[in-house]
Every structure is written in C-alpha cells, then in structure tokens.
Amino acid sequence: MPVFEIRDKSIDEAELNRKIEENLKERQSDSLAALAAAPGAHSGLAPSVQDIEIRDGLGFLRKLARELPDYKVFGPFKTLRRFVKRQIAIDKAIVYFMHTVTNRLSFLADRLDSLDKRASTPRDTASEIDVPKAGGSVTSPTDPSAPRMRLDALAESPGEPAPAEAARRDTMREDQAHKDLLDYFHFKFNCVHGGTEKEIREKGLAYIEFLRNAGTVLDIGCGRGSFLELLRENGIHAVGIDSNRHMVDVCSRKALDVTCVDASDYLGQQDNNRFGGIFASHVIEHFQGDDLVRFVRLCYDKLAPGGCVILETPNPLSIFVLGGTFYLDVTHVRPVHPDFLKLLLDTIGFKDIRTLPVSPFPEEEKFQLLKGKDKLVQTLNANLEKMNKMFYSHYNYAVIALK
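Per this note's numbering, the sequence shown runs over residues 48 to 450.
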C-alpha cells in the first residue's frame, strides 16, 4: 500500500520523485554537519545519529505535507508518526541519563583527586617513620603491616569530622550545656530554699552525739558543706560527696574533702565496712522505689559493724509539708513515710532503729489555743492540738539506726 496518493492528475510524478530525492540528500548533508559540530561530539555526549535522522525525517514529512496539500494520509503513515515521536522521547531520556551519569562521574573523579592530594603528605611522611608495634618492637615502612598502620593513623588524624561525628559532638555539647544549667539552677535553689548556714548547723547539732566516736563519716549530698564544717569543729573526720559541681566548688573553698560524684556510684566503688557513719540529709526523697532500696542496702554494706546511719527527709505526716514545701523542689520523686523507712532498714539488717523529729514549726505559725478552763474551751483546744499535729508537725524527720 502506498504511503500517499496524488489526486491532482496535473502533478508530474517523476518531477515529484526528483524533488523528494533532492530534499533527502540536502537534509542528510545538513544532519552530518550538525552532528560533527554538536557540543560534546568527541566526549560521548553528542546527539546520536539516530536522533538527528529521526528529527530530520519528521521535518521532511512536515515539508512534504505543506507542498502537497492534496495528498491523503493512510494508516501506515499515522503509525509511523506515532512511532517516531515515541522514539524521540526515548532518545531524549537516554541522552539526559548519560549527561547525569557523566556529571556524577566527573564529580567523583574530582573528589578522588582531592583525597589523593590530602593523603599524599601523611603517606609520604609515614614512609619515613618507624611504626611501633605492640610489645615495643618497631616496624619499618616496608613491613606488610605498615600500610595498614599508616591508614589507621591517617583515619585518626585531625581533620574535618564526618557528619555523624559532628552531629554527635553537637549533641554532647548541648547535653553538657543543659547539665551545666541544671547544676547552676539547683545550686541557686539550694541557696534560696535550702536553709541558711546557721539553720543547717543548728539542726545538725542533734546528730553530733550519734557520730562523735564513729571514725570516718560520709556526708552524702553534702551541699555547701555546712554539716561537714560542724563535724570538723567537733573533731570528727568526715568526707563528703555531691553530684553538683557548684556545691563541690563551695566546699573546696572551705578546704573540705568533697568529691563530685553520684551517690550510688560512689558507694558501689567503696570497700565494705569502710565508714563509721553515713549521713544523708534530703537525699532519699530523690530516689525511685527500687533505687531507694538499693541505696539503703549500699549504706549498710559500706558501714563498719556498729556504724550509724542517719537519713533525714521531709515529713509527709505534716499536711503543710506534703501539700506545700515538698513539691517546691521538682526533683523530689515522692515523700518517704517514716514507717516505710523503718521497716526497710529493719529488713536490710539495721538495729536500734529510732525516729527523730527535726525542724519544728514556730509556735506563732500554729493554731493558737484558747484561754479558759470550761469544757467547751478544753474541747476546742484538744481539736486545735490535733489540727496542729496534722498541719504543723515538724518540717523533717530523721531515722537513725546502727549496723
């Protein structure tokens, strides 16, 4: 079947064929010239011959259509047109892919050149240096293990950190900055709400008699060192620990023997039976249940036989403390009931366990009793005393026990 038929009988078919041949030769000549002059013709990125021939073939068909308005298109020509368009799209996609791959290869080649230049100086230097082996012997650069050692040394040499390493360092810096802020805040909180030096020393006088002949006393959570100073003044040898470096700095300026460390970690590293006394004021309310049990057990293990432990904590039997001052410190986990604490110490093995009320409320802050001896006044006063006990009992209590 012919591609087209001529309806106008006045057209000379021989002349038309001659014209078609001339057009084809002209386009073929132009295509070869364009192919030779195309950018990247010698680098593998030039348009393919097939691409140019297809493009020019379509151009020729369009020109033929313009010059022969009276031809009739048959099915084969339509099919050919669709095929050619699809082929052009495929060729363009292949050329784009080739451009992308070539550019990527060029980038990688540049990177390899750069890495080779960076590695050349350390490699040349390493070739002149004897590398020590394990055990003290020395290997020369000609040793088969030397290249591997030089590569390891090069990998450990300072330079631009990898993205993952840089991110890890940034995270560590942020974590440290956050910890520094928390340490400073807790130090400031202790200075404002932790009682004055005078108040702490006056409260600590009640404990001196229990520790006077104890030997070395460990003050856990020693804070600003007020109780340690009191022990020193009474001739009692003592050391302290605190996890807040600002607290430790204050103690160091007072020439106190204090270490910045976590309490449970420190106790776990000490020999059993080392201390004659352990004092922990406002520490146990910061522990979760299981951690509290472990802490008390460590105190028992590290105490010498006959040693004394003193654990002071806010008094949950006071509604004023339970509903007010206890939650002023957001690091408090939960109040510790005195009956629970005594039972825990007894279970672990302590003996002679006693409870000592500490820091009573000022009388002027309590409900005031009425004057009079009649029955109504006495009844009211009895109820006021009950309310004072519920609301305004002691701020703190201490459990004291022996090993």
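Since the hints were made in silico from the structure, they are not lab data. It is possible that some hints are incorrect.
In silico DSS-like cross-links for lysine-lysine, where the CA-CA straight-line distance does not exceed 25 Å [as the list claims (entries may be wrong)]:
hint, residue 1, residue 2
1, K245, K301
2, K245, K413
3, K250, K420
4, K420, K398
5, K389, K413
Computed spacing ranges between beta-carbons, pair by pair [claimed, not checked]:
hint, residue 1, residue 2, range
6, V377, A224, 45 to 53 Å
7, K226, K418, 54 to 62 Å
8, R300, H240, 48 to 56 Å
9, K226, T263, 27 to 35 Å
10, E249, R300, 32 to 40 Å
11, H225, L431, 45 to 53 Å
12, N281, N319, 25 to 33 Å
13, K245, L431, 29 to 37 Å
14, F408, R321, 36 to 44 Å
15, V377, D157, 54 to 62 Å
16, E244, L403, 20 to 28 Å
All C-beta atoms, glycine included, are put in the ideal place defined by N, C-alpha and C.
Taking the numbered hints from earlier one at a time, note which ones the structure violates and give those numbers from smallest to largest. 3, 4, 5, 6, 8, 10
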